[in-house]
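K.L.:
Okay, here's what each chain looks like letter by letter:
2 protein chains.
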Amino acid sequence: MRVLGVDPGTQHMGYGVLEVAGPSVRCVAWGTLDAPRGQPVHQRLRFLYLALGQVVDAWRPDHLAIEEPFVAPERGAKSAVAVGQAQAVGLLLAAGAGMEVHRYLPSQVKSAVADYGASTKAQVQRTLQLVLGLPPEPIAEDASDAIAVALCHLAHWRVTAKVRTA
Amino acid sequence: MRVLGVDPGTQHMGYGVLEVAGPSVRCVAWGTLDAPRGQPVHQRLRFLYLALGQVVDAWRPDHLAIEEPFVAPERGAKSAVAVGQAQAVGLLLAAGAGMEVHRYLPSQVKSAVADYGASTKAQVQRTLQLVLGLPPEPIAEDASDAIAVALCHLAHWRVTAKVRTA
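Chains as they are written, first to last, in this note's numbering: chain A, 14 to 179; chain B, 14 to 179.
Keep in mind the hints are simulated off the structure, nothing from the lab.
Don't take every hint at face value.
The list makes no distinction among identical chains, and a pair is therefore deemed to hold if it is satisfied within one copy or across any two copies.
Distance condition first, Cα-Cα at most 20 Å in a straight line; then the derived SDA-like pairs of lysine to any residue [to be verified]:
{"hint": "1", "residue 1": "LYS91", "residue 2": "GLU81"}
{"hint": "2", "residue 1": "LYS91", "residue 2": "SER120"}
{"hint": "3", "residue 1": "LYS91", "residue 2": "GLN121"}
{"hint": "4", "residue 1": "LYS175", "residue 2": "PRO151"}
{"hint": "5", "residue 1": "LYS123", "residue 2": "GLU154"}
{"hint": "6", "residue 1": "LYS123", "residue 2": "ALA135"}
{"hint": "7", "residue 1": "LYS91", "residue 2": "VAL114"}
Go ahead and model the full structure; you've got the sequences and the hints to work with.
P.N.:
Below you can see the structure in the form of structure tokens.
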């Protein structure tokens, strides 16, 4: 079973692919897709759609886990509209590939990673490296956020799988 | 020159295609795309992406005019995220087809239609029918909103065309 985690943005989009086999899990692909600077939003979205589409084609994930970011009211509707635009890139690709889609709040992602004892950004990185067998080099924040949401989904999925088989 | 107007929604999406030849303009296609009820958002977005894609393929518009809806802060971020998701459907198709993209605020659309003397919903419909040679039957509101944003773009485009040639 493979989970694609996505941290949605209209300029930078983080992704991470987890491969799950029974109790074992490893991160097989991760990175940040950077849309060309200074392009209008429709061209950046298309760039991200094609680039994330290549990740989907290469890894054929079964599930998409995507963050539903909390948008503070004072940041205004503009920021929330941009989040929706970026999410749509992942949602359209998931629907096209027949993937299940699961959305998580930042608080759920934080709590899932905290179960491994991580709370600071540096601890999250270290935790991901230990749990998922990632190399010791620092990972870009967008990518580690995407891996964290995939890991959050995995925790939820394992609980519901236990409920299913109980 | 053809303008595709879109009124973005994740359940219902209005569209209208204006064909412009010199001073004359007529509406050659319009309608509302209705995503299947009760489907999760990623499947509704994909339905709308494929359906609006057929409109783009059939009419090959040069410009996309899309409403940038005002999202009242009290309606919260959820509604703004949905607007962004629906916009992304049109934006991705426009980028894929090499169309120019122009976004308009509701106040700009209202003012453009008011230049034809219309302010109530019924007057807007009547105005669109008179100006664009539409049949006298009432048009679904999502479709007439989409035609109105296309007409708004046309007004702006004609002004800038005059500036260009002056």
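K.L.:
Find the hints from earlier in the document that the structure breaks and name them by number, from lowest to highest.
P.N.:
Number 4 - this is the single hint that the structure violates.
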